[in-house]
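**Q** Residue numbers (the working numbering), protein chains in the order written: chain A, 2 to 90; chain B, 39 to 203; chain C, 43 to 121; chain D, 9 to 85.
FYI, nobody ran anything at the bench for these hints, they're computed from the structure.
For glycine and all other residues, C-beta sits at the position ideal for the given N, C-alpha and C.
Any given hint might turn out to be false.
[What the hints assert, rightly or not] Short, incomplete list of chain D residues facing chain A, as computed with Cβ under 8 Å:
1) V22
2) L24
3) S45
4) T76
5) A78
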Amino acid sequence: MPSPAPLQEDWIAVNEVLVLAFAILVILGALLTIRESDPFRKLISLGIMIGGVMPFIVDRGLLDVAIAIALIAPLSTLFTLMVCGRGES
Amino acid sequence: MDGTLLILLQILVAAAVCWINFVAIDLFFKLPEKGGVVGAAAIGKRIEEKGGGLHGGFMMGNIVSSPDASAGTLLASCGVFIAGIPGGLLAALLVYIGNRICHDPGYAGTTGCITATFIVYGFTLIGFSAAAFIAGMVIAILTIQGISHVHASRLLSRLWKVRRG
Amino acid sequence: MNPEFLLGSVLLLVGTIAAAFPRPRTYLNRLINLEISAWGLLLLMLSYNEALALLTFGGVSALTVYIFVRVLQKKEAAV
Amino acid sequence: MGCAIVAVYAALRVALESDTLRKLPFLNVLSFAVAGSIALIIPHPLSIVAAAAYFVGSTLESNAIASTFAGGLDRRE
């Protein structure tokens, strides 16, 4: 892989930090989701993971897909909560 | 190095302006009076158990469970950053739709969004960049909800007492 | 080897293992762990720039969760 | 870039918080940070809609989690 042009060095460094931060978010959310045992805490950790995934979709320029997925993802959480509340009580 | 310092200064000023804007509008629309929905009331009571103020806890619960003036300020500064005044008004419309989805009347969010649009646009005329307002709003919400729930809710309760008279 | 591909592979693998062996062995935990691998598959599709596949998969995954939830409710009502 | 650091900080606070209801304000900080960085990554008119959609979705999610956890389950209608 050829080394990037020196003009773009700064921009690439900033972008690396962004990618690293959101990757940390995704991995942390996934591991927390697996480790927790209470369904509500699992759903909150899943929210962390979704927050990490969303900037990757936007970064590709697929904004319509990002809108659709941002509106659909809470729906599946709502469906899961329908069975959560009943099991708790 | 001088440019970086200038940007940091801009972000700090923007954070202060955003903080004053959304706290004032939330207090004006009586958000700390009661929990709007069941979840907001539960969060407020749980924060009070830890040692915070009850009304501040209600306000934090309301911020969590429906998009109010803080969300309006953030989305308005995003809109001004991208498309100027029309972007801010589009963001106000979106905040109103979001409030209606969350079973909220939506006065606080829409009003906060519209006032924040004009405030941010005014500051861009002076020479501030709108991106500084996005970062400033994130820092402002961090000071309310992210550092210490106990102290933030006590501060908000004190402000609510002043506003109620 | 872009970051989306790497993250998606990791999520797919970890989520599948977690859905196969959930910690407390309940159906609800399996269902929530299955969502991790669903998002991993979404990231893999993203790394190949398949916009239509992403839209379809997003819609269908919510529908799948709804069907699973209905099945769980039927099962709880029967017991 | 600052937004991403705030997001990581909020995620760490969510991970370290022990009470379920007190996790939700930190999750709200995280969604503020992510919505801000969505708008900062691509300055395109549709990205206002994307940030608003993500923010409203995340708010709806935490609203539903809080009200279900508090026991006021009114999904019967």
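**Q** Each hint: holds or not?
**A** Okay, the hints, checked on the actual structure:
no. : hint : in the structure
1   : V22  : holds, 6 Å
2   : L24  : violated, 11 Å
3   : S45  : holds, 6 Å
4   : T76  : holds, 5 Å
5   : A78  : violated, 10 Å
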